[in-house]
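Undergrad: So the protein lines, in turn, are chains A and B. Residue numbering for the first sequence follows the working numbering, starting at 1 and increasing by one per position. Residue numbering for the second sequence follows the working numbering, starting at 1 and increasing by one per position.
Incorrect hints may have been included.
Partial list, computed: chain A residues near chain B (C-beta under 8 Å) [what the hints assert, rightly or not]:
{"no.": "1", "residue": "Tyr-201"}
{"no.": "2", "residue": "His-236"}
{"no.": "3", "residue": "Ser-238"}
{"no.": "4", "residue": "Trp-245"}
{"no.": "5", "residue": "Glu-374"}
{"no.": "6", "residue": "Met-399"}
{"no.": "7", "residue": "Leu-418"}
Don't read these hints as lab results, they were simulated from the structure. We treat Cβ as the ideally placed atom computed from N, Cα and C, and that holds for glycine.
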Amino acid sequence: MTHITQMGVEALVTSLETGEISAREITAAHLDRIRDIDGEVNAFITVNETAEQAAAEVDRKRAAGEPIGALAGVPVAVKDMLVTTDMPTTGASKILEGYRSPFDATVVRRVREAGLIPLGKTNMDEFAMGSTTETSAFGVTRNPWDLERVPGGSGGGSAAAVAACMAPLAFGSDTGGSIRQPAALTGTVGVKPTYGAVSRYGALALASSLDQVGPAARTVTDAAYLHDLIVGHDEHDSTSHQHDWTSMVTAASEGRNEGSLKGLKVGVVNQLGGEGVAPEVHDQLSHTVTALEAQGAEVHILDAPEFDRAAEAYIVLLSAEASSNLAKFDSVRFGLRVQPSEQANVESVMGATRGEGFGAEVKRRLLLGTFALEHGQYDPLFLGAQRVRTLVIRAFERMFSQVDVIVSATSPVTAQPLGSRGEHPVQEHRADMLTTPANLAGIPALSVPVGVTDEHLPVGVQVLAPAFEDARVYRVGAAIEQLVTERNGAPVWQSIPTLGGKANA
Amino acid sequence: MAKTKLMKFEQALEQFEPVIGLEVHVELNTKTKMFTTAPNTFGAEPNTNLTATCLGLPGTLPVVNEEAVRYSIQLGLALGCEIREKTGFARKNYFYPDLGKNYQISQADDPIAYDGSVEIELASGRVIHVPIERAHMEEDAGKLTHVGGATGRIQGAEYSLVDYNRAGVPLVEIVTRPIFGGEADTPEIAAQYVSTIRDIVVALGISDARMERGNIRCDANVSLRPRGSDNLGTRTETKNVNSLRSIERAVRFEIQRQAHILAEGGTITQETRHWHEDTGETSPGRPKSDADDYRYFPEPDIAPLTPSRDLIDQLQTALPEHPTLRRRRLREAWSFSRLEFQDVVNANLLDAIDETVTVGVEPQTARKWWMGEIARIAKERSVEPAELATPQNVAEIAELVAAGTLNDKLAREVLQGMIDGEGSAQEIIEARGLALVSDDGPLIEAIDTALAQQPDVIDKIRAGKVQAAGAVIGAVMKAMRGQADAARVRELIMERAEQ
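Kindly generate the complete structure, drawing on both the sequences and the hints.
TA: Right, dumping it as structure tokens:
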């Protein structure tokens with residue numbers, strides 16, 4: 001019998017509907033799991049004290065015949081850059097010490113209304129700036145596959161929570177790969193929707209033109225369930241689209257149909273591979289592409305020289321927008337306030353607060369971003385980056401006129417040891433080289449686990465599609481997932497080492 | 001503080017040419033703020049007109065107020081500007097506690113309106129076309145109150161309080177090009193320009209336009225250049241000028257102050273200056289630098305606006321008449337002297353008189369009633385004249401006087417009755433029996449009675465002293481309780497004298 005914490009969304013929903021288990025039991029089981037192993041993993045910054053009450057309320061409504069959402073009772077973890085009224089929001093930073101938001105992020109409000117149970121706030125790189133979750137002010141999150149390794153970042157907490165069965169679903173946010181790369185490093189699924197598909201209202205803004213909130217889960221279908229709940233225009237977010245989205249759950253299901261890959265034109269881009277990608281990762285990608293071909297897909301090799309400067313353009317734009325978005329953390333209206341010892345005025349208090357409240361990586365990017373917007377630098381740096389961005393967009397348009405999807409490795413390497421993160425910023429940002437182009441272009445991207453290396457570390461493959469074709473990445477992602485499961489006999493996530501006393505395969 | 005040394009104004013003008021540039025901020029009276037749904041009302045308790053977005057709380061986002069965009073287009077059109085087909089917002093980044101998020105959402109290189117011109121008319125009749133460089137949309141900052149210092153300003157304060165009610169209120173910032181050739185009129189030009197802006201926004205109905213409430217704010221840039229020079233001088237920017245009179249005084253002061261410094265061989269510091277109403281002087285604020293780097297970049301949370309041609313044309317067609325042109329038209333149509341007209345404008349009775357003339361009353365008659373009796377009563381009761389009476393009231397009165405039913409004195413009584421809500425003019429006349437006696441009979445009787453008491457009057461009149469009739473007229477009017485046409489009484493007396 002599968003333990004509750006290993007059940008996917010459909011299994012949980014069926015059990016709830018038949019009365020086999022209650023929402024309260026489901027939540028309690030996950031809280032137990034968290035208590036059991038999160039001391040080691042540190043995926044959560046805050047655990048929700050009121051989760052069991054919320055679950056009990058779902059049970060009560062169901063018993064009383066009151067209307068509840070189809071997924072009512074399913075737990076969800078929330079990356080700590082989405083604001084919540086019932087739990088603190090930290091952004092994994094000291095500077096938000098004590099902050100309690102008076103409103104819920106729109107995506108949180110939508111899942112609450114659907115009856116999902118927020119389990120807690122997950123760990124991340126401070127203000128989502130990083131690829132390893134090591135810059136958090138609340139300690140590192142360890143990769144459940146190997147506790148001496150990083151889970152990826154910035155959303156390492158959500159990915160680890162899902163991978164280690166502490167939650168079936170989690171929210172992430174993806175600005176340059178922060179949902180997808182941790183998914184790849186933890187053997188789970190992570191999706192960045194089309195820019196504007198999901199409301200950013202209530203998401204701590206990092207880079208407004210790049211950020212998107214998206215789902216993290218163990219399977220494509222589970223991610224699709226969360227995705228369907230959160231897409232759609234929000235009047236609080238002028239960048240969110242008025243679009244009639246089709247169901248991603250249906251798309252995933254279609255992907256599992258016989259022949260769904262037949263005739264699919266799949267692009268493999270030279271610049272989204274090459275030297276930077278580790279051989280064991282490249283091997284997994286090759287196997288995947290071969291498997292697609294065997295199912296009738298046509299593979300095209302594509303060239304996008306425009307991507308050569310994408311990582312640099314990304315870091316400039318990200319830092320510039322972040323330098324403005326993080327200006328609001330100034331001690332005046334909320335959060336940390338540090339009074340310098342000498343004669344204080346507002347500038348000195350702001351400076352002391354930000355000096356103490358922000359970590360080194362955040363400060364480095366704020367400085368870079370401020371610099372890039374300065375009078376003499378604006379043209380070469382900021383506008384230069386925007387020009388590269390336009391070229392990246394056009395490159396995708398050109399390539400998607402020839403292929404239906406593009407696949408690549410999600411991360412050039414598998415999970416690296418904790419503490420091995422380089423000091424050189426540009427080198428580090430090369431880790432994002434495979435994921436940032438999708439953010440620059442605003443197109444949907446899904447990472448699905450495709451195998452495990454000889455070191456028993458998971459590898460993920462990324463599927464990209466044109467803007468608004470999110471269903472396509474789910475369809476192809478589900479097809480790949482099915483091929484992998486058939487080949488290996490079990491989904492990748494089930495190969496995760498046992499942790500703790502309870503609830504592993 | 002020692003009194004600043006000033007050159008005499010006339011002397012300053014001999015040696016230097018004053019150049020001014022004016023930045024006017026207009027607060028729009030939309031229902032809600034520029035980028036949030038928080039209410040846009042005056043006088044609320046501090047920090048009550050707020051949403052999470054006004055405070056820049058984490059995760060908040062701006063959403064554009066369409067009413068504010070419409071108002072801004074209307075204002076741009078009224079300023080004679082071109083309206084941009086694609087106009088975007090930009091972040092102006094700087095740290096200050098009155099900004100909820102330490103950046104202001106404004107506009108940079110693509111303001112919604114640009115290249116316009118505003119016609120103003122000075123008291124002398126001189127007409128100036130003020131060139132408008134741009135008008136753009138932005139949000140206002142909150143209000144800081146500094147506590148504990150001697151002057152209420154930040155210097156020496158113990159602590160400061162922030163009120164975010166005003167943060168996010170929609171503003172249109174109007175920037176002129178440098179205004180040359182004003183010469184001695186320059187201070188008046190500055191004041192009259194702001195006054196005209198005020199009239200325009202009032203006519204459009206887009207702002208409460210009360211300068212004392214900060215609905216309209218003016219920053220005056222002043223520089224001097226030596227006669228014959230082609231180079232612009234260094235300018236100062238004077239803020240905190242809260243009335244038209246202050247604008248005029250501040251510009252004049254700066255001209256005199258700068259002239260003195262330049263004449264002594266000194267240089268002007270490019271800086272922001274603060275106007276002091278009590279001393280009539282400006283003092284240095286923070287040094288102003290053209291290199292104030294606000295790190296502008298396009299606002300990523302808001303897509304650029306693309307006002308449709310149809311909308312712009314619609315708003316253009318619906319524009320009210322330019323206040324300056326309207327005034328000139330009315331003044332000429334009514335044949336008022338400049339002074340008479342200016343008094344009417346200053347008393348805020350232009351619209352009332354215009355409406356009264358429209359319903360058929362002679363302009364001077366309309367002016368007489370509004371500026372005379374109605375204004376007098378209004379002042380007594382501390383209300384606005386337009387709240388007391390209507391153009392129809394005045395028309396009724398004027399018609400009754402013209403028809404001979406009432407004389408001036410009676411008309412005033414009837415008007416008072418109308419103001420007090422006793423009914424229509426006709427009803428009051430009947431109720432109080434105020435009509436002029438039109439039948440000669442009673443007049444002759446009264447004349448006989450009066451003459452009986454002053455028998456020598458007729459002889460005096462016959463002897464050529466016609467003014468002797470005055471005493472009899474007075475007596476008759478008294479006997480008739482004012483309800484006689486004094487002119488007719490006089491006629492009857494003269495007829496008697498000729499008998």
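Undergrad: Indicate, hint by hint, whether the structure satisfies it.
TA: Here's how the hints hold up against the structure:
no. : hint    : in the structure
1   : Tyr-201 : holds, 5 Å
2   : His-236 : holds, 6 Å
3   : Ser-238 : holds, 5 Å
4   : Trp-245 : violated, 20 Å
5   : Glu-374 : holds, 6 Å
6   : Met-399 : violated, 25 Å
7   : Leu-418 : violated, 28 Å
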